[in-house]
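Chains E and L supply the protein sequences, listed in that same order.
So for the first sequence, this note's numbering puts the first residue at 1; every next one is plus one.
So for the second sequence, this note's numbering puts the first residue at 1; every next one is plus one.
Be careful, since some hints might not be right.
With a Cα cut of at most 20 Å, we get these calculated SDA-like pairs of lysine to any residue [said to hold, decoys possible]:
{"no.": "1", "chain 1": "E", "residue 1": "K722", "chain 2": "E", "residue 2": "Q672"}
{"no.": "2", "chain 1": "E", "residue 1": "K524", "chain 2": "L", "residue 2": "F20"}
{"no.": "3", "chain 1": "L", "residue 1": "K21", "chain 2": "E", "residue 2": "P465"}
For the record, the hints were derived by calculation from the structure and aren't laboratory data.
Next come the chains, spelled out residue by residue.
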Amino acid sequence: MTKSAVKSDSARRQAGATSTGKRVSALAIPAWLPLGGILLVSGAETVRVTGAHRELFFNIDHFWVLYMLLPFVIGIIIYGLVRRSRVWRLGKPTSLLKGNFDNLPVRLGRLVKGGGGTERVLRDPYSGVMHLCIMTSMIVLFLVTALLAIDDYIPVDILVGPRYLGYSLVADIFGLVGIIGVAMAVAHRWVRPRTAWLPTWEDWLILGGLGMLLITGFIVEGLRIHTSEIDVHPEWSYWSPVGYVVALMFSGVKISAALDIHTTFWWIHMVGALSWITLLGYSKLNHLVLAPANAFLKSTSAPGKLEMIENIEEQEHFGVSQLEHFTMKQIFELDVCVRCGRCTDNCPADIAGQPLSPMHIIQDLKSYATAVGEQKVANLVQGNDLNFGLDDETPMVGGVVRDESLWACRTCGACVEACPVFIEHVPTIVDMRRSLVMEEARMPDTVQGTLETLERQGHPWRGTPYTRDSWMEGIEDQIPEWTGEQDYLYFVGCTGAFVDRAQEITRSVVSLLREADVSFGVIKGMESCNGDPARRLGHEYLYQILAEGLIELFNETGVNDEQKTVITHCPHCFNTFLNEYPDMGAKFQVIHHTQLLEQLVDDGRLVPSSDVPEQTITYHDSCYLGRHNDIFEAPRRILEQVPNVTLIEMPRNREQGLCCGAGGGNMWMEEQGKSRVNEVRVEEAVATGAEAACTACPFCIQMFDSGIGTVQLDVEDEDKLKVLDVAELLQAAAVSDSE
Amino acid sequence: MDVIVCVKQIPDPETPAAAFKVDETAMQVLPAQGISPVISPFDAQAVEAALRIKDASGDGTVNIISLGPDSARDAIKHSLAMGADEGYHLKDDAFGGGDAWTTALALSKAIQHLGVPDVLIFGRQAADWDQGTVGSIVAELLDLPSATVLRAVELNGDSITVSRVVADGFENIDLPTPCVLTISNEFGDPRYPQLRQIMQAARKQVTELTAADLGLDASEVGAAGSRVQMHALFQPTSDVEVEIIEGDTPEEKAAGLVNALREAKIL
Ligand code: SF4
Ligand code: SF4
Ligand code: SF4
Numbered sequence: 001m002t003k004s005a006v007k008s009d010s011a012r013r014q015a016g017a018t019s020t021g022k023r024v025s026a027l028a029i030p031a032w033l034p035l036g037g038i039l040l041v042s043g044a045e046t047v048r049v050t051g052a053h054r055e056l057f058f059n060i061d062h063f064w065v066l067y068m069l070l071p072f073v074i075g076i077i078i079y080g081l082v083r084r085s086r087v088w089r090l091g092k093p094t095s096l097l098k099g100n101f102d103n104l105p106v107r108l109g110r111l112v113k114g115g116g117g118t119e120r121v122l123r124d125p126y127s128g129v130m131h132l133c134i135m136t137s138m139i140v141l142f143l144v145t146a147l148l149a150i151d152d153y154i155p156v157d158i159l160v161g162p163r164y165l166g167y168s169l170v171a172d173i174f175g176l177v178g179i180i181g182v183a184m185a186v187a188h189r190w191v192r193p194r195t196a197w198l199p200t201w202e203d204w205l206i207l208g209g210l211g212m213l214l215i216t217g218f219i220v221e222g223l224r225i226h227t228s229e230i231d232v233h234p235e236w237s238y239w240s241p242v243g244y245v246v247a248l249m250f251s252g253v254k255i256s257a258a259l260d261i262h263t264t265f266w267w268i269h270m271v272g273a274l275s276w277i278t279l280l281g282y283s284k285l286n287h288l289v290l291a292p293a294n295a296f297l298k299s300t301s302a303p304g305k306l307e308m309i310e311n312i313e314e315q316e317h318f319g320v321s322q323l324e325h326f327t328m329k330q331i332f333e334l335d336v337c338v339r340c341g342r343c344t345d346n347c348p349a350d351i352a353g354q355p356l357s358p359m360h361i362i363q364d365l366k367s368y369a370t371a372v373g374e375q376k377v378a379n380l381v382q383g384n385d386l387n388f389g390l391d392d393e394t395p396m397v398g399g400v401v402r403d404e405s406l407w408a409c410r411t412c413g414a415c416v417e418a419c420p421v422f423i424e425h426v427p428t429i430v431d432m433r434r435s436l437v438m439e440e441a442r443m444p445d446t447v448q449g450t451l452e453t454l455e456r457q458g459h460p461w462r463g464t465p466y467t468r469d470s471w472m473e474g475i476e477d478q479i480p481e482w483t484g485e486q487d488y489l490y491f492v493g494c495t496g497a498f499v500d501r502a503q504e505i506t507r508s509v510v511s512l513l514r515e516a517d518v519s520f521g522v523i524k525g526m527e528s529c530n531g532d533p534a535r536r537l538g539h540e541y542l543y544q545i546l547a548e549g550l551i552e553l554f555n556e557t558g559v560n561d562e563q564k565t566v567i568t569h570c571p572h573c574f575n576t577f578l579n580e581y582p583d584m585g586a587k588f589q590v591i592h593h594t595q596l597l598e599q600l601v602d603d604g605r606l607v608p609s610s611d612v613p614e615q616t617i618t619y620h621d622s623c624y625l626g627r628h629n630d631i632f633e634a635p636r637r638i639l640e641q642v643p644n645v646t647l648i649e650m651p652r653n654r655e656q657g658l659c660c661g662a663g664g665g666n667m668w669m670e671e672q673g674k675s676r677v678n679e680v681r682v683e684e685a686v687a688t689g690a691e692a693a694c695t696a697c698p699f700c701i702q703m704f705d706s707g708i709g710t711v712q713l714d715v716e717d718e719d720k721l722k723v724l725d726v727a728e729l730l731q732a733a734a735v736s737d738s739e
Numbered sequence: 001m002d003v004i005v006c007v008k009q010i011p012d013p014e015t016p017a018a019a020f021k022v023d024e025t026a027m028q029v030l031p032a033q034g035i036s037p038v039i040s041p042f043d044a045q046a047v048e049a050a051l052r053i054k055d056a057s058g059d060g061t062v063n064i065i066s067l068g069p070d071s072a073r074d075a076i077k078h079s080l081a082m083g084a085d086e087g088y089h090l091k092d093d094a095f096g097g098g099d100a101w102t103t104a105l106a107l108s109k110a111i112q113h114l115g116v117p118d119v120l121i122f123g124r125q126a127a128d129w130d131q132g133t134v135g136s137i138v139a140e141l142l143d144l145p146s147a148t149v150l151r152a153v154e155l156n157g158d159s160i161t162v163s164r165v166v167a168d169g170f171e172n173i174d175l176p177t178p179c180v181l182t183i184s185n186e187f188g189d190p191r192y193p194q195l196r197q198i199m200q201a202a203r204k205q206v207t208e209l210t211a212a213d214l215g216l217d218a219s220e221v222g223a224a225g226s227r228v229q230m231h232a233l234f235q236p237t238s239d240v241e242v243e244i245i246e247g248d249t250p251e252e253k254a255a256g257l258v259n260a261l262r263e264a265k266i267l
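So here's chain E without its partners, still in its complex pose:
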């Protein structure tokens, strides 16, 4: 070595952990704070310790073997990733992968915050701290090692004296932090497992390996201190507290023997580190690289938006029934999953004991992509038919992923919201549904009935006794017909028209709009479904037909105009108009009734003054309003302004809100499984002690009403939870002549 130095080996524990460097994150700020403190103290110690330093390869011969190994290690990792990438590339290219990144700032922000900053992991304090410990430890130890190596090869000495000692301390502390993190991770798996948890050999290999690396690192350091530092410069070794303690434990060992042990452990540690890091290309450790990449790749449009199948009439297949029908991103994503179970733990279907676990869907597809995907890649390479040698015994859709799992999905997005590595389950699930419906025409009877009703009658409510205009009966003259002159079109939607409970909401909205003197109109008798139910049920073709029809009506009646705004009280209609209709040529603005009502209250055009009875209310977030479109506060602010109302929250609220069970077309399906989602949610609402639950979606209202029937079977009618739309409550408070 060109510079002679005394050194701390713990700094090299992670010599192989090269790629952790990619995750350096400014957001792991809490972890950097101690570092600053340490540097300060070490500065103060300057005088006492001038000259402290160490040697890079103390007691090691043939260290160059290490440098020889390094390219191999990097090669092995790259080989692993490239091999996986060939499976990813079976998928269809998306504009993303052609380099057309929309919303680059959003993507970069997500890369930094969600990828590097592990924003979503931090939501759960235990896992957050655990992950932060491991991550910062790896980053710091990597930097520390790199610094030592750099120091060794440049002519100037950086790491001498107090700087060196501070450096030693930092390395030691973060070594310890790493061990704490690993211990927490092990305990997590044993002591506090998540309900949906799937630890396999990978977990133990990664954690066990990392733990061993950290421990052998300290042993090597302890032995170095014991053999070369403690007797000569004991005051230096205090700066490696853990190493110092280890050195004391070895104090009885003869120096010559200790030097031999040191060499052995050094090599174990180093070769171990290099082997461990190769897991990056072959196990879920790949999330170090893939998770930030996926944070970057995740769609930037509203989470509730589904991608349109363009030129549907010319497609060779509809939806996804084969691996190669997925997009590259969808296949790539499967490899990013770390089996953490967060998605499943938040999935309403799983919570209710129904046959769906988003984690298992992703994991099962991943295994399938591994087995079948690699065969397909081989076929491609050999110029065979893609499916050569593959039997159909376990088809991907219907075998690997069961039909009932696909149908149980509410498209509520709780999984997508929870996933720390930004996997998008919903489009993957809906794509497979699309093939069930359009390709195979295989679906539950109830779904078939709903689709047929949509085709024939233009609404999903099979067997309804009502017509589109039934809700107006008796108040026709109070309802302004849309002329094209008004500012707002009130789109009633099918539920608001064909379901009696929802008709009440429709009338409340009209009464409020009239009270506030809003310039609005209704297209009487001519509305038709916007196609949302068909789309969520997987019938993209029917969706497009219905949507084209409605857009045509909007064109003819002057609604499709940037100056016009469509009001909906149905969050499903809202989401479809706002996020999906632009693809179909829509130009109009969209507002949900809670947004408009909030404005009207703010402007003083609606004054919630009259006495509604004193009551505690809990607000249930509709997924398509809240999680999918970020409208959490408007309905709450309305409720807060109604006199005598106290708002309380259920434990799962806002982004973490639990679906009522109706989404994704489940409004029209029979539920299968232990219990029903609406009952789970009603129990949560009842448990708050609230007298009423308010929501802003006609589906949620129906789901709550029917859930209360079973959950509160034995409760007297007047003590049962009341369920109201925000508009109904506001009407009672702000419209003087309302009953």
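The hints should help you fit chain L with the ligands onto chain E, whose structure is shown.
Same frame as chain E, now just chain L with the ligands:
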């Protein structure tokens, strides 16, 4: 095995009562706004039965005939989308205003025109007028054995075993081919067409046949040939009157109820 299915396009039976309107003077059902006519559900089941026979026998064709105005083409297209092979549309102004007899006559001519197949299938009745006679009249006109209101059909070599729904249970019968069958709702749900089939069906040509093509004179078919005359078409009204019987004790109320029932001449 070759099968021909006769289907009819009708107003959607799920049309809510409030949207169902008739023109009493013209004696016609008015199409409900926004609700498309559909293939009669029993007929869709008949198509399903035919497709299953074709599948079970391993070869043959399923062809569709429908008599009606332009919109009847949709019922044919729907059947084609379900998997039928060819469609024939009996379309002629002369067919307008006909009854079960003229319909059966035109259908039987069309069947002879195409060649009598091994099996002829109908829905047990059209779900609009619910007469349930066309299948039997066609069997009579073609002099074929027939079995009506079936819940199951099974191929048995060259003969066919069917299960009829009767008032007190089921009746199993063997029929020789060719024969006429009418299918009841107990048969089971018809398949939902795959999108690809819908698109293929949309592109498929439907052959149109006029009265002249079938060798029928305009005076034999449609209103001119009808044997049934309609005298009136109206929607029955049902009035509900509620009277609450007052009384201080249950006995008084019961006595009041008995009196009221007597007055209404129910007791
Ligand atoms: S969208 Fe909702 S219901 Fe579907 S898998 Fe995700 S969490 Fe479960
Ligand atoms: S999909 Fe995401 S949330 Fe679900 S197990 Fe995998 S990493 Fe965890
Ligand atoms: S999307 Fe709107 S219009 Fe369509 S079914 Fe839902 S409530 Fe009705």
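Query raised in the report: Are E:K524 and L:F20 close enough, with their CA atoms no more than 20 Å apart?
Result: 18 Å, holds
Query raised in the report: Is it true that the CA of L:K21 sits at most 20 Å from the CA of E:P465?
Result: 14 Å, holds
**Report entry** E:K722 paired with E:Q672 [C-alpha distance capped at 20 Å]
**Finding:** Not OK: E:K722 and E:Q672 at ~26 Å, beyond 20 Å, violated.
Violated hint: 1 only; the structure is consistent with all others.
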